[in-house]
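A.B. asks: Here is what each chain is made of, one letter per residue.
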Amino acid sequence: MVYSRSMSNLSKEEITHLATLARIRLTDEEIERLSVDMPKIVEFVEQLKDVPNLSDAELKPVDLATLRDDTESSEKLSHSEQQELAPKWADNQIEVPGVFDEGGEA
Amino acid sequence: MTDKYNAFLKIFDTPIQAKKDGKLAGMKLAIKDNILIEGQQATASSKILEGFIAPYDATVIKKLKEAGAIFVGKTNLDEFAMGSSTETSAYGTTINPWGENLVPGGSSGGSAAAVAADLCEASLGSDTGGSIRQPAAFCGITGLKPTYGTVSRYGLIALASSLDQIGPFARSAEDVEKVFSVISGKDEHDQTTVDYKYQPQEIDFKKLRVGLPKELWQLSMDPEITEATKKFVDYLEKKGATVKGISLPSIKYGLSAYYIIMPAEAMANLERFDGIRFQSSAEAKNLLDKYVNTRSNGFGTETKRRILLGTFVLSVGHFDDYYQAAVKVRQLIKREYEKAFEEVDVIVSATTPTLPFKIGEKVKDPVAMYQSDLLTVSVNLADLPGLSLPCGFSKSNLPIGAQIVGPAYHENVLLGIAKEYQKETDYHLRKPNE
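From first to last, the protein sequence lines stand for chains A and B.
Per the working numbering, the very first residue in the first sequence carries number 112; after that it's consecutive.
Per the working numbering, the very first residue in the second sequence carries number 8; after that it's consecutive.
To be clear, the hints were calculated from the coordinates, so they are not data collected in a lab.
The beta-carbon is built from N, C-alpha and C at its ideal position, and this holds for glycine as well.
One thing to keep in mind: the hints can contain errors.
Below, computed lysine-lysine pairings styled on DSBU-like, alpha-carbon distance capped at 35 Å [stated by the list, open to error]: (1) B/K430 x A/K123; (2) A/K199 x B/K311; (3) B/K259 x A/K151; (4) B/K341 x B/K311; (5) B/K11 x B/K26; (6) B/K54 x B/K26; (7) B/K185 x A/K187; (8) B/K11 x B/K402; (9) A/K151 x B/K311; (10) B/K365 x A/K160; (11) A/K160 x B/K311; (12) B/K69 x B/K11; (13) A/K160 x B/K251; (14) B/K426 x B/K214; (15) B/K69 x A/K199; (16) A/K187 x B/K311; (17) B/K185 x A/K123; (18) A/K187 x B/K204; (19) B/K292 x B/K311; (20) B/K213 x B/K430.
Covered by chain A, per the in silico footprint, the following chain B stretches (three or more residues, Cβ under 8 Å) [stated by the list, open to error]: (21) 275 to 284; (22) 290 to 303; (23) 306 to 316; (24) 326 to 336; (25) 367 to 379.
Please construct the entire structure, taking both the sequences and the accompanying hints into account.
C.D. replies: What follows is the structure in structure tokens.
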């Protein structure tokens with residue numbers, strides 16, 4: 112998928128493709144609405160192209176990330192707590208539909 | 008408790024209190040429904056988390072329980088904290104106690120309205136681009152967005168992990184301070200937290216240097232807000248503070264940078280909602296359909312909009328032009344604030360460019376809605392603390408908030424100023440319908 116240079120020209124096809132990447136299926140009404148909203152939003156954020164000397168600005172973070180010591184956490188969810196959270200559970204494993212089941216794509 | 012404002016998504020039949028003694032013994036708090044209390048719902052005001060029961064306490068909740076606080080319920084918010092009006096909640100909007108057709112602000116609108124309506128003494132919200140400060144201003148109460156890293160995000164349903172912070176609301180800065188001193192500090196579960204211990208500070212106003220950024224003061228905003236905020240600055244000057252104009256040139260790009268960085272991080276954070284782990288799970292014949300059906304049915308319009316925006320700005324061919332550019336602008340903004348704080352101790356502006364607006368007025372125009380965050384987002388981008396406090400009322404009796412921003416880890420200066428101001432004014436004590 113080759114996108115329009117800017118989202119100001121974003122087609123409905125491109126919006127649908129973005130949704131596919133995000134694992135979302137849009138209704139026709141949603142596509143219609145987003146094809147109006149999204150270009151306006153991106154036109155707004157494209158102001159960043161006007162920032163002077165942006166190419167000179169350094170990217171490195173101001174603060175270094177602090178790494179956590181490699182110690183075991185003092186809190187864990189018990190097996191029964193995990194079982195309560197998953198919608199389906201079988202043989203001590205969380206059950207999900209098969210990747211290669213009917214109509215599926217990996 | 009009668010909640011005619013839809014401030015609460017859940018009022019606990021029996022308020023939760025783990026201990027009877029402690030620093031906050033008996034203080035009634037409401038908790039935004041994106042912060043986990045073990046055994047209670049945590050919906051983030053989304054259908055996709057309907058039925059989800061939190062398996063553990065957020066660190067802030069553990070600390071509040073230890074301090075003797077009482078939790079009265081979970082409050083409404085914009086879905087996944089994406090919004091500035093609480094109108095994107097899947098469970099209906101919250102009404103501002105100051106006007107039945109007005110928004111309370113967002114995304115922490117429920118928490119702000121609950122305090123304003125005296126349904127609790129204090130509440131917790133979260134602030135990613137203004138979601139504590141803006142509703143505090145709209146509801147006529149005090150709200151603090153702490154320095155990034157001073158309050159643990161463990162147990163906060165993530166929106167944008169480099170911007171989110173949990174913070175308190177209350178009528179008074181004194182109560183905000185009490186709650187903040189309990190919830191702040193390093194946490195082993197959140198490696199972005201720092202070794203921080205809150206220490207209150209008396210303010211010597213004669214030594215205080217106040218900066219007014221021209222880029223914020225020259226913005227088009229409601230004239231009554233400008234007037235009330237100027238009166239707050241006059242108060243500081245009369246107390247002996249030195250006031251000067253400063254410049255933060257890149258701050259005008261803050262909103263654009265924010266609406267690139269935040270959706271990018273939000274898109275990544277919301278990938279976890281796949282129908283496998285969080286209770287809500289759509290019927291599907293295969294795994295891919297499970298993901299797609301759950302997410303398509305479970306997310307609301309604004310959430311989908313921001314996910315798509317985040318997907319776009321991180322995609323091949325656009326990453327450099329949008330996301331990388333926004334990160335660079337963020338660094339520029341941060342450095343300009345640091346430079347400004349070499350000359351001034353605090354920076355003051357209005358919190359919002361408008362008075363509380365009508366329900367439905369902006370929800371169909373996302374760009375107009377995003378403008379509500381104009382004065383607040385750069386504080387999150389720069390990881391700084393910001394406090395909103397009531398500084399006046401409009402002729403139509405709507406509250407107005409002023410924002411004080413300080414250097415990192417200087418919440419005590421912001422709260423010190425606010426406490427002194429609130430000894431001499433009563434804006435924070437006024438109640439709707441009085």
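A.B. asks: Evaluate each hint against the coordinates.
C.D. replies: Against the structure, the hints come out as follows:
1. Simply put, B/K430 and A/K123 have alpha-carbon atoms about 57 Å apart, too far for the 35 Å limit, and the pair is violated.
2. Straight-line distance between C-alpha atoms of A/K199 and B/K311 comes to about 27 Å, which keeps the hinted pair within the 35 Å bound.
3. Only pairs whose Cα atoms come within 35 Å are accepted, and B/K259 paired with A/K151 is accepted, the gap being roughly 18 Å.
4. Distance check on the hinted pair: B/K341 and B/K311 sit about 30 Å apart at the alpha-carbon level, within 35 Å; holds.
5. For the hint linking B/K11 to B/K26, the alpha-carbon distance of about 30 Å falls within 35 Å, and the restraint holds.
6. Between B/K54 and B/K26 the CA atoms are separated by roughly 33 Å; this keeps the pair inside 35 Å, and the hint holds.
7. For the given pair, B/K185 sits about 30 Å from A/K187 by alpha-carbon distance, which is consistent with the 35 Å threshold.
8. Between B/K11 and B/K402 the CA atoms are separated by roughly 25 Å; this keeps the pair inside 35 Å, and the hint holds.
9. For the suggested pair A/K151 and B/K311, the alpha carbons sit about 16 Å apart, so the restraint of at most 35 Å is met.
10. Taken as a hint, the B/K365 and A/K160 pair is honoured in the structure, with Cα atoms around 34 Å apart against an allowance of 35 Å.
11. Simply put, A/K160 and B/K311 have alpha-carbon atoms about 26 Å apart, close enough for the 35 Å limit, and the pair holds.
12. At most 35 Å may separate the alpha-carbon atoms for a hinted pair to count; B/K69 and B/K11 meet this at roughly 30 Å.
13. For the given pair, A/K160 sits about 31 Å from B/K251 by alpha-carbon distance, which is consistent with the 35 Å threshold.
14. As the CA atoms of B/K426 and B/K214 are separated by approximately 17 Å, the hinted pair is consistent with the 35 Å bound.
15. For the proposed pair B/K69 and A/K199, the alpha carbon gap of about 30 Å is at most 35 Å, so the pair holds.
16. As the CA atoms of A/K187 and B/K311 are separated by approximately 32 Å, the hinted pair is consistent with the 35 Å bound.
17. Note on B/K185 and A/K123: the hinted pairing is violated, with a Cα-Cα distance of about 51 Å set against a maximum of 35 Å.
18. For the hint linking A/K187 to B/K204, the alpha-carbon distance of about 27 Å falls within 35 Å, and the restraint holds.
19. Proposed proximity of B/K292 and B/K311 is supported: the alpha carbons are some 23 Å apart, at most 35 Å.
20. In summary, the hint linking B/K213 to B/K430 is supported, as the alpha carbons are separated by about 18 Å, within the 35 Å threshold.
21. A stretch counts as covered by a chain when three or more of its residues have a beta carbon under 8 Å from one of that chain; for the stretch 275 to 284 of chain B and chain A the count is 5, and the coverage holds.
22. Coverage of the stretch 290 to 303 of chain B by chain A holds in this model, with 12 residues showing a Cβ closer than 8 Å to a Cβ of that chain against a need of three.
23. Against chain A, the stretch 306 to 316 of chain B contributes 7 residues with a C-beta closer than 8 Å to a partner C-beta. That satisfies the three-residue criterion, and the hint holds.
24. By the rule of at least three residues with a Cβ nearer than 8 Å to a Cβ of chain A, the coverage given for the stretch 326 to 336 of chain B holds, with 8 such residues.
25. Figure legend: the stretch 367 to 379 of chain B, annotated as covered by chain A; annotation consistent (3 residues with Cβ-Cβ distances under 8 Å, at least 3 required).
In this structure, the hints that do not hold are numbers 1, 17, in rising order.
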